[in-house]
Amino acid sequence: MADELVHPLVYASFETRGYWEGAGRGELVLQRCRSCSTVQSKPRNVCATCLSNDIEHFVASGRGTIYTFTVTEQNMAPPFNAHLPYVMAYVALDEGPRLLTHIVGCDPADVRIGQAVVADFQQQDRTDGEAFAVPRFRPA
Amino acid sequence: MSISGNIAIAGVYEHPTRWAPEKSEFQIMAEAARGALADAGLQLSDVDGLLAASMSMGSMGTIELAEYLNIKPNFIDGTNIGGSSFVVHVNHAAAAISAGLCDVALILYGSTAASQAVAIGTGGPHGTGRDPYQSFSQPYGMTTVGSYAMVAKLHMERYGTKPEQLAEIAVTTRRHASMNPLAKMRQPITVDDVLSSRVISDPLHLLDCCIISDGGGAVVVTSAERARDLAKKPVLYLGGGEALCHQEIGGPDLLQIAAKQSGDRAFAMAGVGRDDIDFAMIYDSFTITVLTTLENLGFCKPGEGGDFVSGGRIGLGGEFPINLDGGGLSNNHPGMRGIFLIIEAVRQLRGECGDRQVANPKLATVHGTGGALGTQHSGATLILGVD
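Protein chains in written order, with the numbering used here: chain A, 5 to 144; chain B, 316 to 702.
Some clues are possibly wrong.
[To be verified] List time: in silico SDA-like cross-link candidates among lysine to any residue, alpha-carbon distance up to 20 Å: (1) K477(B) / R116(A); (2) K677(B) / G666(B); (3) K477(B) / I117(A); (4) K477(B) / A113(A); (5) K477(B) / V115(A).
[As the list claims (entries may be wrong)] If you anchor each label on the Cβ, the simulated ranges turn out as follows: (6) L55(A) / L416(B): 29 to 37 Å; (7) T69(A) / G618(B): 18 to 26 Å; (8) H87(A) / G627(B): 36 to 44 Å; (9) G633(B) / D58(A): 55 to 63 Å; (10) S374(B) / S17(A): 18 to 26 Å; (11) D111(A) / A410(B): 52 to 60 Å; (12) H61(A) / A410(B): 42 to 50 Å; (13) K387(B) / S56(A): 44 to 52 Å; (14) K387(B) / E134(A): 46 to 54 Å; (15) A16(A) / G633(B): 48 to 56 Å; (16) T69(A) / S371(B): 34 to 42 Å.
No lab work stands behind these hints: they were computed from the structure.
Treat the numbers as computed from the prediction; the structure is a model and nothing was measured.
For glycine and all other residues, C-beta sits at the position ideal for the given N, C-alpha and C.
Go ahead and model the full structure; you've got the sequences and the hints to work with.
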């Protein structure tokens, strides 16, 4: 796997920075609403249940199960076109939300729905001083 | 006054082009407008409502389009929620006409997706977008096909749905296209052809995916009262519903799609049952789109879609024919094909479809899907009928 897919650079806004900085530390960071306890993965500065601004970040377990997936055989866009096939998946996190991600570290033919997986972070090589990483998942 | 039964589609036109490198989107729309207005027996000067969407119209696209057409409408709607936009436009036109905001609404679509080589299915953005929320999908190489493939994978896992059953949809749709002189792909195919075509995103094969073409169309909506004095038999708007659906926080089950919400509302408004429907036009970006939509609209139960589409039921001459023009899988798919669902439903209800005509239909369901089923999408349902 010397030529592993290098994920394109991510861009953080003031709303999503906590997620990517957490990933850079090797942590899967989610949000929880202090008012109604809703847990959300794609970050925002309001609660997607009660619209409260009282949101906290917390470090999640990084564990989950594969909800569904697809082995992608065709994608014209670089860098993906040079790294086919790859496994795109939704992982149902133990904390509740679903995350769109890749399954790595195993043969695509061995991936199954319901399989237990853990987060695996790919550090980004960046010139803007940010320490971000892209969360993927591998078999637990 | 209820809008159900009091609004009608008075004219439709499907642009015959499938490859138009020498035309602009607006030219295709204008030519389609000419066709639909002639079909209705109306003039451009009768139009006082403009509704349109396309792959390249920006936030002020309707202003540019009004200038191109040289019209000054009283009612404007540029809603763009992907391929279902035009189905939603019929809803909005019906509401506007009922409320007295306009009298004759013109719905337009044009596209040069094929001749401009627009990447629709698996081209995708290159990860250079700076929308912070795209960073949650772009770095993973999410494709449109992949999103639908994840829905198909889950359906197969949960219900034992077979690739052969999805293939049945592509085969039936191609048979319908073979009876449509305008269709881009008319050569009949078999289940084996589908299954032996290359895998694009597992479990979807090339022939599970819609084609890419140029094209366009137009629909004219007015009051049922006015439509009765026009050129063609009015096709009545009996019910409509629209919905948005997304994954994520407490997101619904991936197999419960927007069609459930929009369909339930449309059927309730129309006051008819699923068994009353003679045929349906169902958005077919992919074979799985059709299967999950049929389940969510209530034509069969969740998980029974595989059996429902098998054994000839959805073909012409079957119990519940669908996508009689050959659909996006074989007729045309210029990126946003919702308008063609409406056009074929209207022409079938008027009995104009020749070899592929359903015998004496009275009631039809139209359902458009926009966006991508596995991520964020829209759904819009219409119930149309003739006296």
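Evaluation of the provided hints:
{"no.": "1", "hint": "K477(B) / R116(A)", "verdict": "holds, 17 Å"}
{"no.": "2", "hint": "K677(B) / G666(B)", "verdict": "holds, 10 Å"}
{"no.": "3", "hint": "K477(B) / I117(A)", "verdict": "holds, 16 Å"}
{"no.": "4", "hint": "K477(B) / A113(A)", "verdict": "holds, 18 Å"}
{"no.": "5", "hint": "K477(B) / V115(A)", "verdict": "holds, 18 Å"}
{"no.": "6", "hint": "L55(A) / L416(B): 29 to 37 Å", "verdict": "holds, 32 Å"}
{"no.": "7", "hint": "T69(A) / G618(B): 18 to 26 Å", "verdict": "holds, 21 Å"}
{"no.": "8", "hint": "H87(A) / G627(B): 36 to 44 Å", "verdict": "holds, 42 Å"}
{"no.": "9", "hint": "G633(B) / D58(A): 55 to 63 Å", "verdict": "holds, 56 Å"}
{"no.": "10", "hint": "S374(B) / S17(A): 18 to 26 Å", "verdict": "holds, 21 Å"}
{"no.": "11", "hint": "D111(A) / A410(B): 52 to 60 Å", "verdict": "holds, 54 Å"}
{"no.": "12", "hint": "H61(A) / A410(B): 42 to 50 Å", "verdict": "holds, 43 Å"}
{"no.": "13", "hint": "K387(B) / S56(A): 44 to 52 Å", "verdict": "holds, 46 Å"}
{"no.": "14", "hint": "K387(B) / E134(A): 46 to 54 Å", "verdict": "holds, 50 Å"}
{"no.": "15", "hint": "A16(A) / G633(B): 48 to 56 Å", "verdict": "holds, 53 Å"}
{"no.": "16", "hint": "T69(A) / S371(B): 34 to 42 Å", "verdict": "holds, 41 Å"}
When held up to the earlier numbered hints, the structure conflicts with none and fits them all.
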